[in-house]
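Novice: Take the given structure of chain A and dock chain B to it, following the hints.
Number of protein chains: 2
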Amino acid sequence: MTQVDHVRMANAIRGLAMDAVEKAKSGHPGLPMGAADIATVLFTQFLKYDAADPTWPDRDRFVLSAGHGSMLLYALLYLTGNKEMTLDQIKRFRQVDSLTPGHPENFRTKGIETTTGPLGQGIATSVGMALAEKMLAAEFGKKIVDHHTYVLCSDGDLMEGVSQEAIAMAGHWRLNKLIVLYDDNGISIDGPTSIADSVDQVKRFKSAGWAAELIDGQDQAAIAAAITRAQKSNKPSLIACKTTIGYGAPTRAGTAKAHGEALGADELKGAKEKLGISLEPFSVPDDVLKAWRTAGSRGAAAHADWDARYGELGPRKRAEFERRLRHERPASLAKALRDHKKKLLENPLNIATRKSSEAAIDAIAETMPMEFVGGSADLTGSNNNKPKNAQAFGAKTPKGRFIHYGIREHGMAAAMNGIFLHGGFAPNGATFLVFTDYARPAMRLAALMGTGVVYVMTHDSIGLGEDGPTHQPVEHLAALRAIPNMRVLRPCDAVEVAECWELALNRTNGPTVLALTRQNLPQLRTSAPSDNPCSHGGYELVAASGEAKVSLFASGSEVEIAVAAQKELAGRGIAARVVSVPSLELLLSQPEDKQKAIIGNAPVKVAIEAAVRWGWDAVIGHDGVFIGMHGFGESGPAKDLYKHFGITAEAAVNAVLKRLG
Amino acid sequence: MTQVDHVRMANAIRGLAMDAVEKAKSGHPGLPMGAADIATVLFTQFLKYDAADPTWPDRDRFVLSAGHGSMLLYALLYLTGNKEMTLDQIKRFRQVDSLTPGHPENFRTKGIETTTGPLGQGIATSVGMALAEKMLAAEFGKKIVDHHTYVLCSDGDLMEGVSQEAIAMAGHWRLNKLIVLYDDNGISIDGPTSIADSVDQVKRFKSAGWAAELIDGQDQAAIAAAITRAQKSNKPSLIACKTTIGYGAPTRAGTAKAHGEALGADELKGAKEKLGISLEPFSVPDDVLKAWRTAGSRGAAAHADWDARYGELGPRKRAEFERRLRHERPASLAKALRDHKKKLLENPLNIATRKSSEAAIDAIAETMPMEFVGGSADLTGSNNNKPKNAQAFGAKTPKGRFIHYGIREHGMAAAMNGIFLHGGFAPNGATFLVFTDYARPAMRLAALMGTGVVYVMTHDSIGLGEDGPTHQPVEHLAALRAIPNMRVLRPCDAVEVAECWELALNRTNGPTVLALTRQNLPQLRTSAPSDNPCSHGGYELVAASGEAKVSLFASGSEVEIAVAAQKELAGRGIAARVVSVPSLELLLSQPEDKQKAIIGNAPVKVAIEAAVRWGWDAVIGHDGVFIGMHGFGESGPAKDLYKHFGITAEAAVNAVLKRLG
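From first to last, the protein sequence lines stand for chains A and B. Oh and the first sequence: position 639 is 639 in my numbering, straight run, nothing missing. Oh and the second sequence: position 438 is 438 in my numbering, straight run, nothing missing.
These aren't lab readings, by the way, just hints derived from the structure by calculation. There could be a bad hint or two in this list.
Identical chains blur together in the list; that is why a pair holds if it fits in one copy or across any two.
Taking lysine-lysine and the DSSO-like style, the derived pairs with C-alpha atoms no more than 30 Å apart in a straight line are [to be verified]: (1) 388 - 343; (2) 596 - 23; (3) 549 - 596; (4) 269 - 343; (5) 206 - 235; (6) 343 - 396; (7) 567 - 639; (8) 143 - 91.
Model, not experiment: these values are computed from the prediction.
Excised from the complex, chain A in its bound form (with noise of 0.2 Å):
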């Protein structure tokens, strides 16, 4: 503890965030002045962390969920000694290439746990990370992990709907050491959440398990004692802090308009005179400023402790812990697959890829059986992903590795996000691929961030059958495959599956979709060669005898009726061959050559996938035969619809034969 009074710590805090957004002329000064005190308790008194070693394995976690509030955390990173956030990156606040970004970024500034900004994702991902901590302390022990995560959220991040999915989920499995402290200042950018808002929170919260309650936010002593009190329990804990938003601005403080502008250098003043700060823009006091990295190196001492302990598990144990946090795959895995493919060769397997893909899981669980951790939302025996030794995880079974997250797609990919971030795990959650849409914005950060995870997408088409329209993905495939930075694979058989997942697996920055089907697929592949074949995105697989008239393009379900297609054209002596591709935007992604020699040359070329046409034009161009739906599905049996929507070999072989006159 230091000597400087708490009162002017925060207050660095809110001159710092007012001088940046002034100096940017834009942000968002209202939640870090607010805030001010919250952060100031929580990170001088609470905290467990080493402004030295933002890496430090067993640190609290820090989640700042309502992300627009960044220059709260810019500033408390410069304050407490972050090595790379120097008074020049807080000057260069929402400047192109800055560590300093409108909204957090993990990728990019170092001491940020998750990136931030659209609302309730953070909070969402902190239920992932709270959920890591325990899997982990469970397999490595308390002495090794055991820490807090900590949340600051405002009204937004309560009112969209993943914070229910997020809260519902972390009371149930008691996540007790996630402590949230909610920004209540009554205010979002429309005006008082009055006019929006009569939830009461604490209510809310304690319905879903959490203990919860309402204190004065700038009050530090009230925040002290609830963040002690909700250490305590054995509940996740929500503090709700009332707080004027711009806080200290003599006109803005309490109102919308010191949400998200700069405060202009009339307010910018009279609230530095207000709060007893320099008017020097960008100015800490000495003594401020030493009892903030004072605050910084707090955790040096814990740390050290840690190390110590650490040191005494063993080398292997250690070894193991350091390739887990790295997200590397164990050597057995590779090997596992290679397997698992032999045995595909031997005994093929004429199944569902969702089914190929439960083989697959059994092979690579048995290799991580601590580090792979499955789950489902809801559709567990639908999707296939469980391993077969797995146990449920729970409250009372931490070491479980398969998770029931309900019918949750988005809360369930923002904890798969959480998981991945804390480390220590390689998580994959299925659901059906239309349900994609529910978990779009927390895949997005996914891609954005780079997580490692892997979404088991079943049901991928109309090939589900009766579920009907509302169930059947069209345009999924397309729309995932927009998002930079996610890799959508549909592979066509099983031994495309195995390849599929150790692609997947192996991709550590980024995530990864996997489209399986609901109905039985042929095996068609007949060699698995080292290189993996899906790895180029497309490769020939059916050549054509002599010089291709027609390359015919699939991906996953259809690659089927394109080899009937093939063998239906070479009967009529028309050279034909097939391209399986289970990964469209991988294959537009090889160098151009490559891409060229895949693709070929034959004068007719068609696509069949039974989902819209987005993207194929790329390979098949626009004159190009598409074989594939064109509206939404329908409610049917999947041999049905096919028949009616026109996807068939015969289809294919009448559209060539057109084309070649």
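Specialist: Coordinates of chain B only, in the frame set by chain A:
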């Protein structure tokens, strides 16, 4: 009221549901069997409807949010005497082209209020229906508009986050005529809900300002008493009804096995014996059917009374009411937009398209002030979609026509569907384009159902600047264009904005996204032909002098860049033309010759759009030049970002020069 025992009436539902699922060999018997008592009480004692006229405007709305229990609804429609719902249709459950698809489809089957299946959508849509009822009643009086909205929902509906957004809005607006019956059967697909959920739903709803209670959902008297209480409440009501899933099935009742598959011959026989139902498939005893038919015509008298009251309204008011329900626009709209465009040509507006949209909105709202219902997810001042004379809707201001949805994009989009489906209004809702991700499941349903709603999506590219990649859409245009029946319009200036609003409002069979800029743009158009050039998706904005060597395609804010590049190329003696493409998918849906005429034959084709390339290859070819985004954006001033990412006239010119050698 009928003399036939209510239990036998409920069992008729159970029998039909079991038989239909058995015949289809797929479907969900569990919910109809468990909730049959709830439905019987509601449809025989409370619901105001007339089976002979399922479109009677003042009918109570019934929403089966748990759409997988569709056989409950189909059985009710058949039993109550809906003309089209024959026993033959029940027997064709889940077959292609039947009126009885896997999940209820309002665009297919009369008597169904909204399409459900994706969980949470029904309850969230129903909030919009109840909202519309309140707004329309305030306008036309309680003699004409005075009905309830009933919802039957499941555990899954309440686990989905969108349910929180929905109930928070309903509670805040005190939508007391919204009554939600929760089929609280304690079972989800993976097993007992206790494996994934501990939320106390009664407490949760109370925290959101609802009346809420827990009752025995198999006790018809308890159900009736609770509905009676709910009808008297001044708050929306939740009735949690404890039920047994698959009620009556000898071994599967109360288990997950009853949820989503056919019972099988033995279990079905056992259930029928236990319930005392004939083993003959699809048979309903004459007296039971007669009792149901009596229930179905219970509302005829109320309907006749309403007709009489309606007749007293006077012809002008009736014509207005009917026009509104038909979603027909007032004759004055076309003139208002024509005048608005004329003004723009006289006094060009060089402002952001979100602001020229505001100008168009003011012109529109003046001609349809009571039916044009705007709203924003807490970004009103940024989205610029509040008409200058609009008042905020609220519990005490039901004539207000601007809705503060709070930070609830998903709930907003679902409510918009409900407002449209109820009839009487042209809803639009606003947020940043990037947050369409949050609303996507409801937007997809809008496209599937064909609701004529308008999404005012501002801040549509990196041009929003400093908020950074979490707020900058790059893949969203592509992802939205890929949805069948979704129209995406991205106007380049104030005149195109007016034209796009005209297209959007006149599109009453599907949703429209307006993608608008934060940053200022020059007015490029100097004429406004009456055929609305935007209606073709694209058109030549600037002709080449001589035969074009280059075609420059662009949308929205990048048209300005294309025009500058054209000028620069002309200066270098290179003939280029500019094609403005406000709607790529509309261009690609034009007849082939029309498309070819617009796209043209220039050897070099360039597309400029501050978004990813997906889709553009259909216009420019795989070898075309694309000037746009290749990954996520970054935080910085807009002008810096355009330079940083090379989306400039200079870059386009250089690419053309390189291509021309």
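Novice: When the hints from earlier in the document are held up against this structure, which numbers fail?
Specialist: Hints 2, 4, 6, 8 are the ones this structure does not satisfy, whereas the remaining hints hold.
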